[in-house]
Each structure stands twice: as structure tokens, then as C-alpha cells.
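J.: Same order as they appear, the protein sequences are chains A and B.
Numbering follows the working numbering, with no gaps: position 187 of the first sequence is 461.
Numbering follows the working numbering, with no gaps: position 130 of the second sequence is 543.
Treat the hints with caution; some may be incorrect.
What the hints assert, rightly or not - In silico DSSO-like links for lysine-lysine, alpha-carbon gap of 27 Å or less:
id, chain 1, residue 1, chain 2, residue 2
1, A, LYS591, B, LYS525
2, B, LYS543, A, LYS591
3, A, LYS591, B, LYS679
To be clear, the hints were calculated from the coordinates, so they are not data collected in a lab.
All values reported here derive from a predicted model rather than from experimental measurement.
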Amino acid sequence: MTILFELIARYHQPAHIARVVALVSLFIGTPFVAEAHAQPGCPPFIRISYGDLITERDGSLTLRLFIRTPHASSVLPDGGTNLKLNAFYETECLSSEGPRHYYRTSVKCNNGVPYVDINSGVSSRIELTVSGTCGNRQYRAQTVFCLFGISGMETANSMSPLGHLEVEKPFIHLIPDPSHRWMQTGETYRFAYKKGGNGSRVADVFENERHLETLDVDPAGRFIYKPPHDRNLDRAGRSAHKEVVLLIKEQAFTGTAVTVRNHDGAGYIRESTGKDEYASTFTLLLHRSYYGHRKLLPGIALFLLTATVTALAVIQKRRAFPW
Amino acid sequence: MVTVSNLRLITQHLMFVVLTYGGRAGIQLGHALPCLSCPVVTGYGGHCYLVTLQSYVWGLQMAAADMLTAKGLQALYQLAIFVLLAALLGKLWCGWICPFGTFQDWVSHLRKKLGIREGQFSWRTRDLFKPVKYILLAYLLVIPLLVAHTGLHDDFRLPFCKICPAKPIMPLFVGKTRCLELDFTNTITMVFSILSVGIAAGMLVGMFFKERFFCTVCPMAPLIHFVKRISPIRFEKTVDGCLGCGNCHRMCPVDIRDVHEQQEKKDVLTEDCMLCMTCAESCPQDRVLSLKYFKWRLFSSSGSYVARHTNKGDAGSAGND
Chain A
275 MTILFELIAR
285 YHQPAHIARV
295 VALVSLFIGT
305 PFVAEAHAQP
315 GCPPFIRISY
325 GDLITERDGS
335 LTLRLFIRTP
345 HASSVLPDGG
355 TNLKLNAFYE
365 TECLSSEGPR
375 HYYRTSVKCN
385 NGVPYVDINS
395 GVSSRIELTV
405 SGTCGNRQYR
415 AQTVFCLFGI
425 SGMETANSMS
435 PLGHLEVEKP
445 FIHLIPDPSH
455 RWMQTGETYR
465 FAYKKGGNGS
475 RVADVFENER
485 HLETLDVDPA
495 GRFIYKPPHD
505 RNLDRAGRSA
515 HKEVVLLIKE
525 QAFTGTAVTV
535 RNHDGAGYIR
545 ESTGKDEYAS
555 TFTLLLHRSY
565 YGHRKLLPGI
575 ALFLLTATVT
585 ALAVIQKRRA
595 FPW
Chain B
414 MVTVSNLRLI
424 TQHLMFVVLT
434 YGGRAGIQLG
444 HALPCLSCPV
454 VTGYGGHCYL
464 VTLQSYVWGL
474 QMAAADMLTA
484 KGLQALYQLA
494 IFVLLAALLG
504 KLWCGWICPF
514 GTFQDWVSHL
524 RKKLGIREGQ
534 FSWRTRDLFK
544 PVKYILLAYL
554 LVIPLLVAHT
564 GLHDDFRLPF
574 CKICPAKPIM
584 PLFVGKTRCL
594 ELDFTNTITM
604 VFSILSVGIA
614 AGMLVGMFFK
624 ERFFCTVCPM
634 APLIHFVKRI
644 SPIRFEKTVD
654 GCLGCGNCHR
664 MCPVDIRDVH
674 EQQEKKDVLT
684 EDCMLCMTCA
694 ESCPQDRVLS
704 LKYFKWRLFS
714 SSGSYVARHT
724 NKGDAGSAGN
734 D
């Protein structure tokens, strides 16, 4: 403002003042203009957050998964209804070689927080995808988990499985591995990012709103994440867990062709371009490393030492004549 | 000629192969076996009920709310299977089937081959050992309940498995050394892994110098003994015919003196007995010691059996040296 008054004092002609005011308003107004382009009310991304696991009376398990914005406490505007959220999941039976089944599931809302309930009565690996749209911003949120139900029914909802369902691009695909049944820190997770636009070069890793690191994504969309060990998880116990979110954002230019008629009736095609934004997240539910802190050599040394000491003690202490 | 000792030896080795490697051939005898068959062994053919009993899947660590669900029914089902198996074969599980028992017999056999004398405990030491199995049983029953209901740290789960000597030793038969590792994840895991490896080493030495050393403290023995009343297996002594020679006591690999000293009761099956039948094989009196299944007599002591096998030098092979 001081600068503004100085300028007014120096150039007190109305033309000059008008120029200065226009310049200042341009600088001040730019962020608001930018905000208006990013569509107010649209969160930068959505992510899946794990809720409670409930054992049903029939032995099946129901896992509640919440759909949240970057901030854990925040709720989605209108409970996510303006995002047009869709959820479906893919199940793969772990105990037998069987076909994968695809189910669509409804997104419910509780106190402004949208959620989905996934049920399984058998041991299965489940890949959940939630998609949504807000203006020109498209969201994908995914996660993979295992449920070990014992009712024998694949799903308690008696939903008929869909045929093969092609996931709309872009999405983050976790390349399956047997170790994913119990995801741990210190393991290597390989991902393939199926691009929607020009392709992003980086993936950001978040834990509780805290940015942890940035991963490089190769031109083919592949990237690797190896979560480091976490002292808090190590201390907390075997079933303690934390959520880590991988985020890939990219922009894609989309062309729309519009036929325009001249006043003489002749037509020509005018191309206009729009800019779509994609925000894809993948939530990893990580437990502490089961084998990462184990050491064989000290174990063998302790075993041999104890055996030697015990044997010497027995030989030393035992009576010469038993009776 | 097939003797009881030979028959037992064949059964033991067959069951060792089935329970240790059977899973690789598709054999699965379930999760409620009354013997120490460790599930950590990759490709096991059925595992110990103690694991099931402690676990949160079908055991005591299950939350109270889950008891009324299908999970609770599964837990009862596993318990029923255990009671049925323990009742059907009783202590034959210990002497004839348990793979860890077979391993202990191998270690004892090695000692005999090396010509090292077996260690002997005083009666006072033996009496000191007696309550250990009950203490271990209480430990494995109480700790999972505390984990489930009082918020005891999760790393106390499967408390007996954490110190069971079978866990570091038995996986070595499938080339798995992972259970000999020390776990430095946190203080609890480190203490338990040190205890596990230390106890396994101490027990290995113990079972080298003393036949079936671990069986004297095994918490499975009292569990099997609880179902003795409904078991058709009977080990009986005809008190009138006993001359009191003491062969049964001298030959017993686990130093049971009750068979020798019992002068009133017919039933001489004690909780430490593993029904190896060494005592019956060495008893020179006809039908003084008998193993019965319901009313059928499976094996009885006889003078002719002792005479036949003593001449061949068989009868004393399983006992002392």
C-alpha cells in the first residue's frame, strides 16, 4: 500500500493512477483467478482410509473403508455427492485358483464422510477402486487388502458378480505379489501407473498429511516404493498399522470439435481445448516388518553358547553313580 | 518277529514323516492334534492344538464378542476335535506319534551310540519338575486372555509357542533356520527370541542326557490327561500277580515309579506316562500289565515274551544303558 501511495503522489495524473491500480489488482487478483480455475469445493484428491473390521455372525468379515480428502478430519463437500462417487471391487480367492469377480458397491454416507462396506466370507484379495469427478478434475482412489472370512460365501451381500470391468484410466495398479497378504514396512512394492494424459513423472508419498518423499515414475508408468521401517510401528505390536498414500497428479489436454456456421450458411470446424486434471491415489495399509529386524548369526551364537554352557554344567554337576 | 518296540519305532517314523512333510503331499490332519507338531514347519501335515488354543483365530485370544459368531463355533469345533483325538488314542499320541518326541528319542539314541551314560535326577528334582507343566499350561491359557481382554501388548500373543523348544528345532528338518533368529523389532520380541533360542538349546542338551526330558514339562500331557476319563485306552495292572521286581520302574524312559509302587488301584496310567509299553515288555509276569482298548487287550506282559526277547537282547534296548 505504501508503494501505491508513493506512486499516486509521484504520478498524480488520472491515466497513471488507472495504470497503477490495474497493475496492482492484477498481482493481487491472480491467486483468486487461479482458484476459480481449480473449482472451489473440489478437493485436490480423494483417498481411501481404513475403518473397522467387523466379524459377522456367519463368519464373514466386513471392512469399512472411508473416502476422505487429504485432511483426515475434513469431510467431503455434500458428503461427496457432488463428486459423483462410484466404487467397485475385484476379488480373487486366495485358497483356490478361481476366476476374479467384479462387484459394484454403493457409496454410503455417515456424518458427511462417504464410505463403502466390503464383505467377504472366504479368504480373498480385494482391490477396491473409487472414482469421482468434480468439474474437470477426475479422481481415483484405490487400495488392496485381504479378508479371511470363514462363512464360505464369497460375499454376504449376494451380489451377482459383473463381467470383466475395465477400470477407467488413469489408475495406479499394484503388481500382485504373495507378500501383499500382510503388507509390511521394508518390503518392495511395485506399481504400474496407467496413464490418462501425458503421464506424470512423479508420485508423491504422504502419511497423515505429511509429505514423505517423491518417487520417480518411468515413461512406462512403473515405479517402486519401499516404505522404510517405522519405530512407532515396531513398538506398537504385530497388528498395528499405518496408512501411506501414494498420489499421482497429471493434466491432460482434451480437444472438443465445434461446428460453427457463418452468416452465409457455410460451416467450419473450430477446435477448442479443455484441460482435465487427474488425481489418483493408492492407499497402502502397512504393518511392521516381520522379518526385517531378525538376525540369524547372533541367534546361532546364542544357541551354541547356551548348549555348551548347559552341557558343561550337566557334566560338572551330575553324580558319578546314579544310585 | 515284530515286537512292540519295533512297531512303535515304525509308527513313530511314519508319523514323523507325515506330520513334518505330509502337507507337501496334500496330507492335512487338521489344527487340533494332541502332539507337538509345529505349524512353523513349512509343509506340515497337521499341527499342535496348543497353537490353536492360544490363537485369536480359534482360541482364547478371540474377542469375547466373537464367541457367539461362527468363529466361536469354529473354536468349539476345534476343541471337540482335540477332545475326540485325545480320547481315542490317549497317551499313544506322546509315545507313538509326537514328532518332537521322536526327535528326542533320536537324540537319546545318539547318546547311547556314543556310550554316554544317561543322567539321573534325584526324586527331589523330579518332584520339582512336576508342577512345571501345569505352570506352562496356566501361562498359555492366561496370557492370550490378557492380550484379548486387558490390552496386554500384542507381542505376547502365542506365548507358549514363543518359548516352545520345538519351534526353533523342528523347522530345521525342512531347512528353515528362521526360528533360530533373534528378533530385534522391540524389547518384547527380543526377550522372547532370546528365551526361545536359549530354552531350545538347553532342552536339546537336556534331552541328550535325559531321555524324553522335554516330556516331563510338556503342557500337552496334562491336557491329554484331562480326557482320560472318557478315553477307551486303559493301562492296567493286576496287583495280585506283581512280584515287585521293579523292572517296570528301571526300564521306564521317564522314570515313572507309580506302576511299580501301585498296590491298590488297577489303573496305572499316569500323566507322565507316554504308553511306550517298555514296562509291559519288561514285566516277566503274565498279564500283570495290560494295554486295553475298550475291553480288548492290545498287549499284555508275559514271561515268554520277556524270555524270547531277552535271549535276543531286545527287551532292554529301549531303557537304560
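J.: Confirm or reject each hint.
T.: Results for each hint:
With a C-alpha separation of about 20 Å, the suggested pairing of LYS591/A with LYS525/B holds against the 27 Å cut-off. Note on LYS543/B and LYS591/A: the hinted pairing holds, with a Cα-Cα distance of about 21 Å set against a maximum of 27 Å. Simply put, LYS591/A and LYS679/B have alpha-carbon atoms about 38 Å apart, too far for the 27 Å limit, and the pair is violated.
Comparing the model with each numbered hint stated earlier shows that hint 3 is the single one that does not hold.
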